[in-house]
Amino acid sequence: MLRTEIRKLLEKAAIEAGFKVVSPVKIERPEEESHGDYSTNFAMQAASNFKMAPKYIADNLKGHILNMSPGLFEKVEVVDPGFINFFVSKKYLQGRIPGIIEDKDKYGRVEMGGGSKANIELISANPTGQLHIGNGRNAFSGDVLANVLNKAGFKVTREYFINDAGNSKQINELGKTVLGKGESYLTDYLRSKIESLRPKLEKVKSESEAGVLVAASIQKDNQEFIEKKLGIKIDNWVSEEKAIYKKNKVEKMLKWLKEKQLVYQKEGAWWIKTSQFGDEKDWVVVRETGQPTYLLSDIAYHKDKMDRGFDKIIDIWGADHQGHVQKMKSVGRMLGYEGDLEILVLQLVTLKGGERLSKRKGEIVTLEKLVDEIGLDAARFFYLQKSLDTHMDIDVSLAKEQSTKNPVFYAQYAHARICSILEKAKADKKFSQDLLNHPSELKLMKELLKFPELVEDTAQDYQLQRLPAYTLELSAAFHQFYHDCRVISENKKLTKARLSLVLAAKIVLKNTLDLMGISAPDKM
RNA sequence: GCGCUCGUAGUUCAAUGGAUAGAACGGGAGCUUGCGGAGCUUCUAAUAGAGGUUCGAAUCCUCUCGAGCGCACCA
44 MLRTEIRKLL
54 EKAAIEAGFK
64 VVSPVKIERP
74 EEESHGDYST
84 NFAMQAASNF
94 KMAPKYIADN
104 LKGHILNMSP
114 GLFEKVEVVD
124 PGFINFFVSK
134 KYLQGRIPGI
144 IEDKDKYGRV
154 EMGGGSKANI
164 ELISANPTGQ
174 LHIGNGRNAF
184 SGDVLANVLN
194 KAGFKVTREY
204 FINDAGNSKQ
214 INELGKTVLG
224 KGESYLTDYL
234 RSKIESLRPK
244 LEKVKSESEA
254 GVLVAASIQK
264 DNQEFIEKKL
274 GIKIDNWVSE
284 EKAIYKKNKV
294 EKMLKWLKEK
304 QLVYQKEGAW
314 WIKTSQFGDE
324 KDWVVVRETG
334 QPTYLLSDIA
344 YHKDKMDRGF
354 DKIIDIWGAD
364 HQGHVQKMKS
374 VGRMLGYEGD
384 LEILVLQLVT
394 LKGGERLSKR
404 KGEIVTLEKL
414 VDEIGLDAAR
424 FFYLQKSLDT
434 HMDIDVSLAK
444 EQSTKNPVFY
454 AQYAHARICS
464 ILEKAKADKK
474 FSQDLLNHPS
484 ELKLMKELLK
494 FPELVEDTAQ
504 DYQLQRLPAY
514 TLELSAAFHQ
524 FYHDCRVISE
534 NKKLTKARLS
544 LVLAAKIVLK
554 NTLDLMGISA
564 PDKM
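Heads up: the first sequence is residues 44 to 567, going by the working numbering.
I should point out that these hints are in silico values taken from the structure, not numbers from a laboratory. No experiment lies behind these values; they were computed from the predicted model shown. One thing to keep in mind: the hints can contain errors.
What the hints assert, rightly or not - Below are the PhoX-like pairs computed for lysine-lysine, each with C-alpha atoms no more than 25 Å apart in a straight line:
{"id": "1", "residue 1": "K295", "residue 2": "K212"}
{"id": "2", "residue 1": "K553", "residue 2": "K539"}
{"id": "3", "residue 1": "K224", "residue 2": "K198"}
{"id": "4", "residue 1": "K219", "residue 2": "K198"}
{"id": "5", "residue 1": "K316", "residue 2": "K248"}
{"id": "6", "residue 1": "K295", "residue 2": "K219"}
{"id": "7", "residue 1": "K224", "residue 2": "K246"}
{"id": "8", "residue 1": "K243", "residue 2": "K443"}
{"id": "9", "residue 1": "K295", "residue 2": "K263"}
Stated by the list, open to error - Computed beta-carbon distance windows for the label pairs:
{"id": "10", "residue 1": "T47", "residue 2": "T332", "range": "53 to 63 Å"}
{"id": "11", "residue 1": "S532", "residue 2": "R351", "range": "49 to 59 Å"}
{"id": "12", "residue 1": "Q304", "residue 2": "E385", "range": "45 to 55 Å"}
{"id": "13", "residue 1": "K224", "residue 2": "R351", "range": "32 to 42 Å"}
{"id": "14", "residue 1": "G114", "residue 2": "D363", "range": "48 to 58 Å"}
{"id": "15", "residue 1": "K160", "residue 2": "D363", "range": "26 to 36 Å"}
{"id": "16", "residue 1": "K395", "residue 2": "M567", "range": "21 to 31 Å"}
{"id": "17", "residue 1": "V122", "residue 2": "T47", "range": "41 to 51 Å"}
{"id": "18", "residue 1": "E385", "residue 2": "S66", "range": "45 to 55 Å"}
{"id": "19", "residue 1": "D415", "residue 2": "M567", "range": "33 to 43 Å"}
{"id": "20", "residue 1": "G142", "residue 2": "K535", "range": "21 to 31 Å"}
{"id": "21", "residue 1": "D350", "residue 2": "K448", "range": "45 to 55 Å"}
Yeah, the Cβ is synthetic: ideal placement off N, Cα and C, and Gly gets one too.
Could you build the full structure based on these sequences and the hints that come with them?
Have a look at this one:
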């Protein structure tokens, strides 16, 4: 990766020039083209440490860098107040094309994870109804994050936690409703579900039993929806009832906590000492009635994940579970987990007009309805565009309207165009690229080289919205190139070179869309 | 009351503390007798407010105003 190379060059130059590297060297991509392809503020940071003028330091470094990297840069310049700007040479850009074509779907892979194991809990949901548009945010971002981490060299397990414990409040409420003694979760969907399960329900002895029965059926629907319709492959469906309670994991967890004296009795209940591990207070894990709380089973579940040997555990929760974050972080420390426990809190998805989507209200917008309305590709793109910590306000009618002019089609159109050119040219496998030097060609080549950096950055900070943004930039660079440079022409050498570039562009665009789980059609 | 996440063009969203705040949609004006016009070019318009830190702030700190979500022996 060029960015890494430049960083190393700079560090070496700093050592040679006698400037000790204190803070990590930051190489950025300036927005403004005239500021180069890469730039660094290193000299400005070093200036305060060495009490020297930043420009003096920068000039000094520039000399060393140029000596160490003949041919890599078109030029390196020092600009006020002390930026060092790097302009990559054409030769270098051209030389990278064959590598992309050889790497194909592996292009963009970076070795950050080094094969370490990561677990992503995409969704933990009550099986009391269909998934709503809020769950969509968990599903899509979790799935895509998993793809990105995979690409960055982690071994990722996608997990879905089903809150189906028979002793839980929501399952009992569901049971009540099913038996006509309540109205929680009552929707048309549930009504028809009850209808279809009528014979079985007549034999049921308790509300809880009824709840469990219906929940299982609902869960089956949701599971099928996720796999078939959303195309998300969950590696591990974890039933709270079957995998945690039935296997006595809750019991064992409590026993362990008691032995370690991490819980104590007060007012008839058992409390866990989270306050000693960074939380504001302690919490009840076993009620006065002897019933364990959800917290205890969640702790047992997390212990289970830790025991399975994951180096990184990522939970993706809705903002309504935000209060749970401190608890679980404290628990992580309490259990002595040595990996990273990261909890991503997604802000809620609302409907235009601010109406909160609740399963308890009669009319909800299900994720299925939305996907049917705007299509899966558009839906995924739509969700991914937004940073996870901003509220998402979906205007359903607009989303639907946009489906015909959704930006995702812009990218897919570029891909289809590429395929059509390659098809027409019947490109042979040999490539040549040393004739590529039109500004639009250079721009496109630079875009292609950003991809591995994108993977690295995103695997680090989880800012998934970079992916759709990049897709658009890349597509725009291609469309521009297409507009300015005729690919298939009389000039055979040039044709060959441009076809190589087109092929490389196809690979990178396809790889990016793959990461987002969006299709890359050959024709539209 | 306390905590978390926010407040950016008309709208929906971007912007690892960087150099002229970017897209998309909307609205205005253009481009092609050629590889897909679902494209290209161009104009329009924004950092809620007030202080502070910094060579440099949409970004960090403080306060004000506004929005959403939490604050259970619910999950």
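Notebook entry, point to check: Any of the earlier hints contradicted here, and which numbers?
Noted result: 3, 4, 5, 6, 8, 9, 12, 17, 18 and 19
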